[in-house]
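**Q** Listed below are the residues making up each chain.
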Amino acid sequence: MIALLTRDLQLAFRAGGGFGLGLAFFLLAAVLVPLGVGPEGATLAKIAPGILWVGALLACLLSLDRIFALDFEDGSLDLLATSPIPLEGVVAVKALAHWLVTGLPLTLVAPVLGVLLNLPGPGYPWLVASLAAGTPALSVIGAFGAALTVGIKRGGLLLSLLVLPLYVPTLIFGAEVVRRGAMGVDVAVPILLLSGITAGALALLPFAAAAAIRVNLR
Amino acid sequence: MSIWEYANPKKFMQTSAWALPWVAGLSVVTLVMGLIWGFFFTPDDYKQGSTVKIIYLHVPAAMMAINAWVMMLLASLIWLIRRHHVSALAAKAAAPVGLTFTFIALVTGALWGQPMWGTWWAWDPRLTSFLILCLFYLGYIALWQAVDDPDTAADLTGVLCIVGSVFAVLSRYAVNFWNQGLHQGASLSLDKEENVSDVFWLPLVVCIVGFILMFLALVLMRTRTEIRARRLQALLTRERIA
Numbered sequence: 178m179i180a181l182l183t184r185d186l187q188l189a190f191r192a193g194g195g196f197g198l199g200l201a202f203f204l205l206a207a208v209l210v211p212l213g214v215g216p217e218g219a220t221l222a223k224i225a226p227g228i229l230w231v232g233a234l235l236a237c238l239l240s241l242d243r244i245f246a247l248d249f250e251d252g253s254l255d256l257l258a259t260s261p262i263p264l265e266g267v268v269a270v271k272a273l274a275h276w277l278v279t280g281l282p283l284t285l286v287a288p289v290l291g292v293l294l295n296l297p298g299p300g301y302p303w304l305v306a307s308l309a310a311g312t313p314a315l316s317v318i319g320a321f322g323a324a325l326t327v328g329i330k331r332g333g334l335l336l337s338l339l340v341l342p343l344y345v346p347t348l349i350f351g352a353e354v355v356r357r358g359a360m361g362v363d364v365a366v367p368i369l370l371l372s373g374i375t376a377g378a379l380a381l382l383p384f385a386a387a388a389a390i391r392v393n394l395r
Numbered sequence: 729m730s731i732w733e734y735a736n737p738k739k740f741m742q743t744s745a746w747a748l749p750w751v752a753g754l755s756v757v758t759l760v761m762g763l764i765w766g767f768f769f770t771p772d773d774y775k776q777g778s779t780v781k782i783i784y785l786h787v788p789a790a791m792m793a794i795n796a797w798v799m800m801l802l803a804s805l806i807w808l809i810r811r812h813h814v815s816a817l818a819a820k821a822a823a824p825v826g827l828t829f830t831f832i833a834l835v836t837g838a839l840w841g842q843p844m845w846g847t848w849w850a851w852d853p854r855l856t857s858f859l860i861l862c863l864f865y866l867g868y869i870a871l872w873q874a875v876d877d878p879d880t881a882a883d884l885t886g887v888l889c890i891v892g893s894v895f896a897v898l899s900r901y902a903v904n905f906w907n908q909g910l911h912q913g914a915s916l917s918l919d920k921e922e923n924v925s926d927v928f929w930l931p932l933v934v935c936i937v938g939f940i941l942m943f944l945a946l947v948l949m950r951t952r953t954e955i956r957a958r959r960l961q962a963l964l965t966r967e968r969i970a
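Here the protein sequences come in this chain order: A and B. Taken in order, the first sequence gives residues 178 to 395; the numbers are from the numbering used here. Taken in order, the second sequence gives residues 729 to 970; the numbers are from the numbering used here.
Looking at chain A on its own, in the form it has when it is part of the complex (with noise of 0.2 Å):
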């Protein structure tokens, strides 16, 4: 399974995998917004966490058709399932793998573009916090999607319409935490079960996903 890491982020650093894509989608998309809101910072300030989620989303979303759709073209998907290591395995590894690649950067990358948006001080250690929590849940549930559309040709616009309404729990709880954090409110409900849906989601997903993939491979 380690190997099976290290292989995944070799293949994701190396020769165009994509890693810095997210990233530079996530920084135009946090630019773009004040250039297209007007520059107050009030509107900023308010506005900044749901931007900021959004963006990280969006960011990953991005990335999802890559989790398995290289390796279903070239076959390796087929000598991972027919290998010792279980295909919920392989699936938890390699959604591990893309949120080691998009979530964990952009989680880094965001106090950053917090400072562009304006964002008020003390919403900085929670706008981590909710990307650290919430950005795993986002990697597996793309994870699902990518398993279900990976025998489709062109898959990228269903995988987004799939995805996109599974994201919407981690989506509100995620910006909430941010808002909360931001007015200096107390935050323990909303990142209490935002990190309920990340558990949730590592726990039982990677077996849906790994059906789905045992029936496109089918």
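If you are wondering where the hints come from, they were derived from the structure by calculation, not from laboratory data. There could be a bad hint or two in this list.
[To be verified] Simulated pairs of lysine to aspartate or glutamate, EDC-like, Cα-Cα distance not exceeding 20 Å: (1) 330/A / 877/B; (2) 223/A / 363/A; (3) 739/B / 954/B; (4) 330/A / 265/A; (5) 330/A / 250/A; (6) 330/A / 217/A; (7) 738/B / 954/B; (8) 330/A / 879/B; (9) 330/A / 954/B.
[What the hints assert, rightly or not] Chain B regions said to be covered by chain A (calculated; three or more residues, Cβ under 8 Å): (10) 796-803; (11) 816-823; (12) 855-864.
The structure presented is a predicted model; accordingly, all values stated were derived computationally and were not measured. Beta carbons: idealized from backbone N, C-alpha and C, even for Gly.
Given chain A, put chain B in place with the hints provided.
**A** Same frame as chain A, but now just chain B:
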């Protein structure tokens, strides 16, 4: 005699051919009765005026939009566990009907909300969760259309339906948490003291029964179409091989 006999397409076609005219006829009768009763023979509400009458379309459509998803969930589970093709086709047949009911509920709600709340749309929990339900239906139908092999499509949409159900419930509670909205609470519950008054309640129940029957009739009809399409496909394939 068990319910699994209807898993046999032939048996299903026989029984549904017999049942369909009755269900469809009854649904037309109850809907015409309920809607005419509701539209012309109930008093105007003292606050809402005649706009209250949209309730006879809005509430049954909204109820059936949710129940259609539950029916798809059950049918998907039956397909995944016992692999009866009729059940997979019934789930496929129910999805566009449920989507249409969702649209009816959203549109009638907007038409009512404009004069009453002063806005077509508000980011109210119930409204938002219906919009999300609408997206779930769209994704489900799109996945059915995208996969060529019928058995693969049935398996994948079945898994999506199960996961989607969990997330639909999660979203419902998430939006509740997010915004306390404008929409009134339930006023039809059997266990509550303060319900809508009988004058409105009785025609509403007739309309709900009518919508349930209409849903059944449409799903039966669409399932029969799907079975015939599948048979046609099989005949064409056989001809090509021969």
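**Q** Looking back at the numbered hints, which does the structure fail to meet, lowest number first?
**A** Checked against the structure, the hints that fail are numbers 4, 6, 9, 10, 11, while the rest are satisfied.
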